[in-house]
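Asks: As a plain string of letters, each chain reads:
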Amino acid sequence: MSQDDISPIAEILLGARDMLPMTLAASTYGIAFGLLATQSGFSLLQILSMSAFVYGGSAQLVALDQLVAGAGVGAAVLAGAALNMRVLLITASMRDAMVGRPWWQVLMGVYLATDASIALMQTGKSRRALSSYWYLFGGGTSLLIAWIFTTSIGGILSKGIPDPTRFGLDFALVAVFVAMLPGLWRGRADILPWIVAGGTVLTFATMFPAQSSWALILGAVLGGVTAGVVRGD
Amino acid sequence: METEIWLTILGLGVASYAIRLGGFLLALRLPRTGPWARGMDALPGCLIMSLVALMMLKAGPLEQVASLFVLLIAVKTRNLPISMIAGMIFVAGARLMGF
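Read top to bottom, the protein sequences are chains G and A. For the first sequence, the positions run 1 to 233 when the working numbering is used. For the second sequence, the positions run 1 to 99 when the working numbering is used.
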């Protein structure tokens, strides 16, 4: 154990607190998903189950979209899974927080991984504390609870919600990812990988608009490959 | 439709979990130095960069300008909640003025 060991409870609470901006952004998205799901014929139990088992906003939305379009279960699962493929890259970068942990903690830890985990690891780093397992656990759990809760709320209300665009709430999700960029920037060595990643996405998604989830993965992987091949200083 | 929905939830739930666990297991097998490690270290930034690029492609002019605004605030303050709320106020304000 390291000497600056703080209690797991304190780390969990800190993680939940640092996750708050992402929780707010995901909550607006969650209400929107709940609304759509109800309108598409999902019951409250189904909304709740999907949010708990899948725990991925965009993947759930795409699967829902495919179902409504009559594409069938196979296509819906495949589309959602394609969109979620990027989470593979996220749990990969969470390795240091989980390696050497008991297996049940690893099984729980990977389940809580989302895009927001990257932001949380970043915040943890800027606190000069290693983004520890319990820190990520606290953040992930609080986000999961908020996600299940808000998608259900959206499903129950389904009508009579004030227009979210009036308050700029629909922009929260975009804003949170844009605001993460400066924190992720590690210096000049990132220039080329980031240009490759962004450029690949713009090119691929423009050429194949229906395949934007693959554009995402291709962009991130090619960016990573660039960083691996090119020696930074 | 009822059965279809449940099968989709189950299928996508299992697939998503397999992806999550797969990423960690994959990372365990990769070397911790050299090109692989450099690539893995750059991955989070590249992934969020890709997400933002895709969002910009789908966003309207107002959201694009607002994103630039959020980026500037974030560079200045290095504070996620403040940058996010500033962006939302920007968008809400611009819409209020009829943009």
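Check each hint, because a few of them may be wrong.
Coverage of chain G stretches by chain A, computed from C-beta distances (three or more under 8 Å per stretch; other residues unrestricted) [said to hold, decoys possible]:
{"#": "1", "region": "82-92"}
{"#": "2", "region": "201-209"}
Using C-beta positions, here's what the derived DEER-type ranges look like [unchecked claim]:
{"#": "3", "chain 1": "G", "residue 1": "Gly187", "chain 2": "A", "residue 2": "Ala94", "range": "27 to 35 Å"}
{"#": "4", "chain 1": "A", "residue 1": "Arg95", "chain 2": "G", "residue 2": "Ile9", "range": "23 to 31 Å"}
{"#": "5", "chain 1": "G", "residue 1": "Ala10", "chain 2": "A", "residue 2": "Thr77", "range": "34 to 42 Å"}
{"#": "6", "chain 1": "G", "residue 1": "Arg127", "chain 2": "A", "residue 2": "Pro31", "range": "22 to 30 Å"}
{"#": "7", "chain 1": "G", "residue 1": "Phe167", "chain 2": "A", "residue 2": "Pro31", "range": "47 to 55 Å"}
{"#": "8", "chain 1": "A", "residue 1": "Thr77", "chain 2": "G", "residue 2": "Gly187", "range": "30 to 38 Å"}
Hints are computed from structural coordinates only; laboratory data are not their basis. From the three backbone atoms N, C-alpha and C, an ideal C-beta is built for every residue, glycine too.
Asks: For every hint, state whether the structure bears it out.
Replies: Hint-by-hint comparison with the structure:
1. 82-92: Contact hint for the region 82-92 of chain G vs chain A: holds, 9 residues under 8 Å.
2. 201-209: Satisfied; 4 residues make the cut.
3. G/Gly187 - A/Ala94: 27 to 35 Å: 33 Å, holds
4. A/Arg95 - G/Ile9: 23 to 31 Å: 42 Å, violated
5. G/Ala10 - A/Thr77: 34 to 42 Å: 26 Å, violated
6. G/Arg127 - A/Pro31: 22 to 30 Å: Holds, since G/Arg127 and A/Pro31 (Cβ atoms, about 29 Å apart) stay within the stated range.
7. G/Phe167 - A/Pro31: 47 to 55 Å: The hinted range 47 to 55 Å holds for G/Phe167 and A/Pro31, with Cβ atoms some 48 Å apart.
8. A/Thr77 - G/Gly187: 30 to 38 Å: 19 Å, violated
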